[in-house]
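Peer 1: Please model the entire structure based on the sequences and the hints provided.
Just so you know, the protein sequences line up as chains A and B, in that order.
Heads up: the first sequence begins at 1 in my numbering, then just goes up one per residue.
Heads up: the second sequence begins at 1 in my numbering, then just goes up one per residue.
FYI, nobody ran anything at the bench for these hints, they're computed from the structure.
One or more hints might be untrue.
Computed cross-link-like contacts, DSS-like style, restricted to lysine-lysine with a CA-CA straight-line distance of at most 30 Å [unchecked claim]:
#1 B:Lys47 x B:Lys129
#2 B:Lys129 x A:Lys47
#3 B:Lys190 x B:Lys87
#4 B:Lys47 x B:Lys36
#5 A:Lys129 x B:Lys129
#6 B:Lys23 x B:Lys47
#7 A:Lys23 x B:Lys190
#8 A:Lys87 x B:Lys23
#9 A:Lys190 x B:Lys47
#10 A:Lys23 x A:Lys47
#11 B:Lys190 x A:Lys129
#12 B:Lys129 x B:Lys36
#13 A:Lys47 x B:Lys190
#14 A:Lys129 x A:Lys47
#15 A:Lys87 x B:Lys129
#16 B:Lys47 x B:Lys87
Quick look at which bits of chain A chain B covers, simulated, 3 or more residues with Cβ under 8 Å [to be verified]:
#17 72-85
#18 107-117
Backbone N, C-alpha and C define an ideal beta-carbon position, used for all residues, glycine too.
Protein chains: 2
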Amino acid sequence: MLTLYTYWRSSAAYRVRIALALKGLDATQIPVHLLKDGGQQRAEPYKALNPAQLVPTLQHDALTLNQSLAIIEYLDAVYPQQPLLPKDPATAAVVRALALDIACDIHPLNNLRVLQYLTSTLGVSEQQKTDWIQHWLRQGFAALEQRLALTAGQYCVGDQVTLADLCLVPQVYNALRFAVDLTPYPQIQKVYQHCLLLPAFSNAAPEQQPDAQN
Amino acid sequence: MLTLYTYWRSSAAYRVRIALALKGLDATQIPVHLLKDGGQQRAEPYKALNPAQLVPTLQHDALTLNQSLAIIEYLDAVYPQQPLLPKDPATAAVVRALALDIACDIHPLNNLRVLQYLTSTLGVSEQQKTDWIQHWLRQGFAALEQRLALTAGQYCVGDQVTLADLCLVPQVYNALRFAVDLTPYPQIQKVYQHCLLLPAFSNAAPEQQPDAQN
Chain A
1 MLTLYTYWRS
11 SAAYRVRIAL
21 ALKGLDATQI
31 PVHLLKDGGQ
41 QRAEPYKALN
51 PAQLVPTLQH
61 DALTLNQSLA
71 IIEYLDAVYP
81 QQPLLPKDPA
91 TAAVVRALAL
101 DIACDIHPLN
111 NLRVLQYLTS
121 TLGVSEQQKT
131 DWIQHWLRQG
141 FAALEQRLAL
151 TAGQYCVGDQ
161 VTLADLCLVP
171 QVYNALRFAV
181 DLTPYPQIQK
191 VYQHCLLLPA
201 FSNAAPEQQP
211 DAQN
Chain B
1 MLTLYTYWRS
11 SAAYRVRIAL
21 ALKGLDATQI
31 PVHLLKDGGQ
41 QRAEPYKALN
51 PAQLVPTLQH
61 DALTLNQSLA
71 IIEYLDAVYP
81 QQPLLPKDPA
91 TAAVVRALAL
101 DIACDIHPLN
111 NLRVLQYLTS
121 TLGVSEQQKT
131 DWIQHWLRQG
141 FAALEQRLAL
151 TAGQYCVGDQ
161 VTLADLCLVP
171 QVYNALRFAV
181 DLTPYPQIQK
191 VYQHCLLLPA
201 FSNAAPEQQP
211 DAQN
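Peer 2: As structure tokens, this is what we get:
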């Protein structure tokens, strides 16, 4: 029995939704609205489930897990169909490094709570906030583009979908949302386009979620 | 043949130094000074090795790897002595989640380049910078403390050293450096103290490195 606590626009939840879909797993999805009521993630019952007050959280029977990459590695070990990490340790390391380039070096800086701190506590302007978002996306994508030139085939690492692609696609979604020009990143664009041809990726997109708002 | 590009105060490099020591591996350490010459990580030859211009980078024969957690998982697969991840997928996931709680939710926000952006581009004051650092450390540690209450023995998860401890100790080092009061976090303090009893941890500390400055 799998339950995913999710928010349509959370790119970390988006990663897990892709993994579930690729592996053909059904999970009950419980939306946690990150803005409504001052943020439902900050209130009970969710706070008790995940004291970091972030999404996603996955429950599998008695196990409660946070952190999208830990969740995906767990799903990959327990449901080995459509593996998301190569068997060879060196190639697996390259995949994990690309995933972490996004999950550690780009995503955390543009997370909702950070943007809220910038505006509420530091009083930065809307323009400064946009500059901040674009700065970290551009800096991260510039490095990623160079790495993908060495590793990519149809996907981030060769021609198999891996954990790296599950991180890339939600991050590109964010970049487009924040009007980052992708012209300097042809490798990133190419992989993104290939991934979106797969229903597991396109169906996991924010706008396809039951809790999506327009 | 192992080569580690490192900086004494980088907590990501510190994690890898602990892993190497626990596994009894000798690596040639090449210091990359993050402040001198405008940051040696931003210049050749290092920039070609790691386009993200961050430390650490590990070279193992022909393989060049970035991202401390990917490096440690790789070392753990190739050098299985003193394993850093439990075999059971559920326990391994708990370990990885704790490691990522630090590596994704705390560390990236207080990284040098982010602090430089806050002061240089946004013009925040020294006090605002300190508040920022302490805010993310406290928020992260509060969540971590609750998780460790459920998982910790002598170490973060039971009585074996894992990847989670390799992330915790450098983060506590940073917290002490930035004068965060650890009184509210007895579990974190207990694990930190246990880890420092092991020479692999104490010898990997920033002040013990050849490139340390006082």
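Peer 1: Of the hints stated earlier, which fail here?
Peer 2: 7, 11, 15, 16
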